[in-house]
Amino acid sequence: MSTKLLVPLKLVTIVTERILEDRLLRKITELGAKGYTLTQASGKGSRGIRSSEWAGPDTRIESLVSAGVAEAIVEYVAESFFEHYAVIVYVQDAQVVRGEKYI
Amino acid sequence: MSTKLLVPLKLVTIVTERILEDRLLRKITELGAKGYTLTQASGKGSRGIRSSEWAGPDTRIESLVSAGVAEAIVEYVAESFFEHYAVIVYVQDAQVVRGEKYI
Amino acid sequence: MSTKLLVPLKLVTIVTERILEDRLLRKITELGAKGYTLTQASGKGSRGIRSSEWAGPDTRIESLVSAGVAEAIVEYVAESFFEHYAVIVYVQDAQVVRGEKYI
Amino acid sequence: MENFSLLSNLISPVILAFVLGIIASLVRSDLRLPGALYNGLSIYLLLAIGMKGGVELSKTPLSVFIGPAILTLLLGIVTPIIAYAVLRKLGKIDRVNSAAIAAHYGSVSAVTFIIAVSFGTAMGHPPEGFMPALVAILEVPAIVVALMIAFVKDKRAGSWQAGLHEVLAGRSVILLVGGLIIGTLIGAEGFAPVEPFFKSGFQGALVLFLLELGIVAAGRLKDLKKVGPFLIAFGILLPIFHGVLTVWLSQFIGLSVSGAAVLAAMVSSASYIAAPAAVRIALPEANPTYYLTSSLGITFPFNVTIGIPIYYTLAEYLLG
Amino acid sequence: MENFSLLSNLISPVILAFVLGIIASLVRSDLRLPGALYNGLSIYLLLAIGMKGGVELSKTPLSVFIGPAILTLLLGIVTPIIAYAVLRKLGKIDRVNSAAIAAHYGSVSAVTFIIAVSFGTAMGHPPEGFMPALVAILEVPAIVVALMIAFVKDKRAGSWQAGLHEVLAGRSVILLVGGLIIGTLIGAEGFAPVEPFFKSGFQGALVLFLLELGIVAAGRLKDLKKVGPFLIAFGILLPIFHGVLTVWLSQFIGLSVSGAAVLAAMVSSASYIAAPAAVRIALPEANPTYYLTSSLGITFPFNVTIGIPIYYTLAEYLLG
Amino acid sequence: MENFSLLSNLISPVILAFVLGIIASLVRSDLRLPGALYNGLSIYLLLAIGMKGGVELSKTPLSVFIGPAILTLLLGIVTPIIAYAVLRKLGKIDRVNSAAIAAHYGSVSAVTFIIAVSFGTAMGHPPEGFMPALVAILEVPAIVVALMIAFVKDKRAGSWQAGLHEVLAGRSVILLVGGLIIGTLIGAEGFAPVEPFFKSGFQGALVLFLLELGIVAAGRLKDLKKVGPFLIAFGILLPIFHGVLTVWLSQFIGLSVSGAAVLAAMVSSASYIAAPAAVRIALPEANPTYYLTSSLGITFPFNVTIGIPIYYTLAEYLLG
Ligand SMILES: Nc1ncnc2c1ncn2[C@@H]1O[C@H](COP(=O)(O)O)[C@@H](O)[C@H]1O
Ligand SMILES: Nc1ncnc2c1ncn2[C@@H]1O[C@H](COP(=O)(O)O)[C@@H](O)[C@H]1O
Ligand SMILES: Nc1ncnc2c1ncn2[C@@H]1O[C@H](COP(=O)(O)O)[C@@H](O)[C@H]1O
Ligand code: NA
Ligand code: NA
Ligand code: NA
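Chains as they are written, first to last, in the working numbering: chain A, 11 to 113; chain B, 11 to 113; chain C, 11 to 113; chain D, 22 to 341; chain E, 22 to 341; chain F, 22 to 341.
Pulled out of the complex, with its shape left as it was, chain A reads as follows (with noise of 0.2 Å):
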């Protein structure tokens, strides 16, 4: 793509249980994300069982960030919930339009 008006940033997905929403997304912000993206979902990891049924579906979460924040979202989430918590994280490339925005 040639528009001017896409910046590269990265964007952070993250997949987790839904009992960890608010913290995580209090975080992130903290962090440096300017904003996010939720959407409910399901699945199935190397935690064969989890409460998620109970507490909730999991819950999707998406930012658009630069590749500083981005790295330290996913130190983050990999130390303070990997051990104990369903959760997936990863990090794609995306040209986001007036992206200036979002750094």
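If you're looking for bench data, these hints aren't it; they were derived computationally from the structure.
Heads up, a few of these hints could be off.
Here are the simulated BS3-like cross-link-like pairs (lysine-lysine), alpha carbons at most 27 Å apart as the crow flies [as the list claims (entries may be wrong)]:
| id | chain 1 | residue 1 | chain 2 | residue 2 |
| --- | --- | --- | --- | --- |
| 1 | C | 54 | B | 44 |
| 2 | C | 54 | D | 247 |
| 3 | E | 113 | E | 174 |
| 4 | F | 176 | C | 44 |
| 5 | A | 111 | A | 44 |
| 6 | E | 110 | E | 174 |
| 7 | E | 110 | A | 111 |
| 8 | E | 176 | B | 37 |
| 9 | C | 54 | D | 246 |
| 10 | A | 54 | C | 111 |
| 11 | E | 176 | A | 44 |
| 12 | E | 113 | E | 246 |
| 13 | A | 44 | E | 80 |
| 14 | C | 37 | C | 111 |
| 15 | B | 111 | C | 54 |
Start from chain A and add chains B, C, D, E and F with the ligands according to the hints.
For chains B, C, D, E and F with the ligands alone, kept in the frame of chain A given last:
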């Protein structure tokens, strides 16, 4: 990936107010999108408060299109909605199975 | 991103009729996927009319897998479902935290 | 019994809600029942039908029930064969689509059944209480027969077993049959505490359900062109034929006038919940436009407005 | 009629559920009504209001209804103009935001209406049965008038036609007007079978709805600072003015005390379902914080707690 | 009172719906209550319990209520300690998992409570009306005690405060306590208009809820192997012990036979809504398979089928 089935296309994702959904879908179809996938979303961005809780939650539109169509969609959305509506648009690369269908 | 935590994997996304969900999930697990994330979706594609409004809305399956597994999934879906069912499949790159878990 | 008039049927809240749904869709309203609610209502309605039927069945001597049960079973086997023959011979429709449509017209629409019961009840002639048990009997065989027809000659893309599982373990059958068994076990006394929920609320819940069904059916109307004149005629004439046949046969098994009319409405109706799911799995090559548009866009509206009064009038004439 | 007391209103289950919702939000509870349920309840409530109104309308002579109908229509045209003038002149608020807010205060909140009716009914003074028809009459004109004001001088980012379509084909109007027509057609007899669902369940459903409305309104409270003291005062004083005006005018059209009080509650209320959607489409430049916070965060709680007893007391004084 | 029979309990519509849900899951049916509906039903049920309890409480002299209230509070503190000791000593289960399970068995399952009340009511022996207030009293303390045990010695991954907030501001407590207060404030008269919704519909709504609970519980059954024989025995024997203890203590506080049996059912039951959420937050190291499978897959089905009749029979024997 080396599969001959795959065609490189652009994945355009738009997250915006539900109230714009109809208009946007009609327009991106006009601009050349052959299909789209919708998911319900909610979120936070620069416009602290929005009517979305009343007009229903946000909508997340994904469309796999050629680079040219992606550019047209990006420009259309930026011009028509960025000023007054809650909206975010980004473009990613994707390898699409039997992708020629969508061009 | 330079974080040592990240492993490059493939993100395979499948959007298809709800009625195929069980069969697809069983199969992609067989083919080597270690997990998946599901979201409810709706959409429009080449098959103007589908039974999805009756069989429930579409399903959107995302799975982070190695390149080899991605290829196997893509081939399986293309062969088994492309002819008669509403389905779209695409593959993207993703940097996954502690990604070795998913290989 | 001049009361079995078309007009008094048309101005019931249930039918008018259906019309309102169609209008809402035509004016491109944002009105839609949330999917979760629509699913919830269908679970409620099917379970309620089953339980009420079971409660009644627990009071019915087998000798009274056996005749209607056997007739219903027979009609569930014969009507898909009739439908298939008509589609192949007169309609020149290919084998797989004919079988797919036949599965729908042999099976039954629970909502048409409910409206037929309400119609009679509102006229002061409630049908036999065990009718819901007949819905359960009518639901499955036609789908099995139609799939057998489709699979007998050719290799198919879909899976016959998966399709069968989809019907038998599908929520329609689970809820209807499960409800029947629960109702039979608990009887009238055990049903009493849940009666306000499942009986008093029933007609109102149906209003909301039909509002959404109207919206969905309106979406089908735009496909009328695609299905062509033959299928439109088929969607009206086959139900009439099946209905007339049923009323005529009902003479010999001791059903009341209302019972015969309701059974006719059931037999003439086309499934649009259980059958589409099973057919989509077993016969993916079949075009959903054909079977959905004819069953939901043509036969359902025809039956609930014009068909049901016809069946009642005929039953009154033959059995009254 | 000393019973029209503030306290007896405040301790109704409906108001207390609203308060519970606010508290749940303040203590950051995870309590939320699922979106599908909230939507479903609003569909149920609007359709129920419409149908009950229609049933009553079918019994009402035109001569009785025509006066209140005309007054309601006039107030629907005049009140947005008053609101606009106050916002522009006293509040110095820019044209587009003034028009947006005026659309809300000219239109009507169906929930405020229901609570006003319940209040009178609980006091033993049910208002005229045809009041829901007035809700339908009051809903649309103000939005049209306010959009006209906004579009008459300037070029706008939004589309006037799209906004109008949003109101007219919006679910509030479809369900209220559709329900009215259905109710009128079926009459009391046709309504009987669905009455347990739509009438007996109504107050309880409202409890759940207000629980969620409390949660949402609490979310608005944190924006009180942003809207400033003028809009807070406006959100309390304009309703009182509109309410008093309505009660005074009701003297001349033969409404009962309760009827006048309920009409006052309607006219004084601010829309937060139909108007926001239409305004968002037609006037995207307007800031939703202003119109949502004032209508939902200020005027709605004020009206259902203090406003309604005031209108009843005044109506009793003037018309009693 | 030979009526307190196992069989008459087992053939209630509520239990049969639970069984139907299990069967639907075993035959891999697509039947599932939509999540929004399931959540909505749980909100409805909890609020209804609370409000009805509050209405009754408003009529109950403190002198009658105080004894049962204190006993309930004591049991809420003692039972998690008993459970913890058994798990540690006999089961050799590690500290954090023992505390997690103890939190569940000290707290209460609202559905078990409702079924115990229905059982007595169906037998013609409704328990004291204020029992729902005891549910609210029993819900929280055990979770606090169990978390204290877990946090007292070790540093933990989770947050004790966050866990506590999760219980106290969780929807179970908000709805139960909020409902109690609303019910107490409005009294019987204020409750009358919402009674059809919250009381008549209650048993029926419970049927739908248990249908889904059966589906979910069936999903747990496949984990029975993973939890091992000790936890299976624990999930049956501890409830019996707690139930017997409660009935025996009830002698001294003036509860009726039914009241004692219902309190026994409550105390013996294990929470599967409030406790899992709190424990997941505060003790993420604990394995949910253990506490969910034992509370939902073992204790809940045991109690509602066999446990409740046992507690009634014992209460009849000791207090009758
Ligand atoms: N390989 C994967 N691909 C996509 N999503 C996954 C994958 N593994 C796990 N997930 C998601 O992450 C959640 C937690 O995974 P886990 O912590 O491995 O149990 C699951 O419920 C899935 O929604
Ligand atoms: N940085 C971001 N990352 C992901 N989604 C975002 C971001 N910023 C905004 N959004 C989404 O876009 C919507 C509109 O954003 P805005 O126009 O900034 O209020 C929000 O409600 C979010 O769903
Ligand atoms: N170009 C596209 N972009 C995004 N999603 C699509 C596209 N085409 C189809 N889809 C999705 O895939 C489903 C099936 O498409 P089809 O098989 O073409 O009818 C649709 O319902 C959409 O959800
Ligand atoms: Na049929
Ligand atoms: Na107004
Ligand atoms: Na307990």
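Verification of the hints:
no.	hint	in the structure
1	54(C) - 44(B)	holds (8 Å)
2	54(C) - 247(D)	holds (18 Å)
3	113(E) - 174(E)	holds (18 Å)
4	176(F) - 44(C)	violated (32 Å)
5	111(A) - 44(A)	holds (8 Å)
6	110(E) - 174(E)	holds (17 Å)
7	110(E) - 111(A)	violated (36 Å)
8	176(E) - 37(B)	holds (22 Å)
9	54(C) - 246(D)	holds (20 Å)
10	54(A) - 111(C)	holds (13 Å)
11	176(E) - 44(A)	violated (32 Å)
12	113(E) - 246(E)	holds (18 Å)
13	44(A) - 80(E)	violated (58 Å)
14	37(C) - 111(C)	holds (19 Å)
15	111(B) - 54(C)	holds (13 Å)
In summary, the numbered hints that this structure violates are 4, 7, 11, 13.
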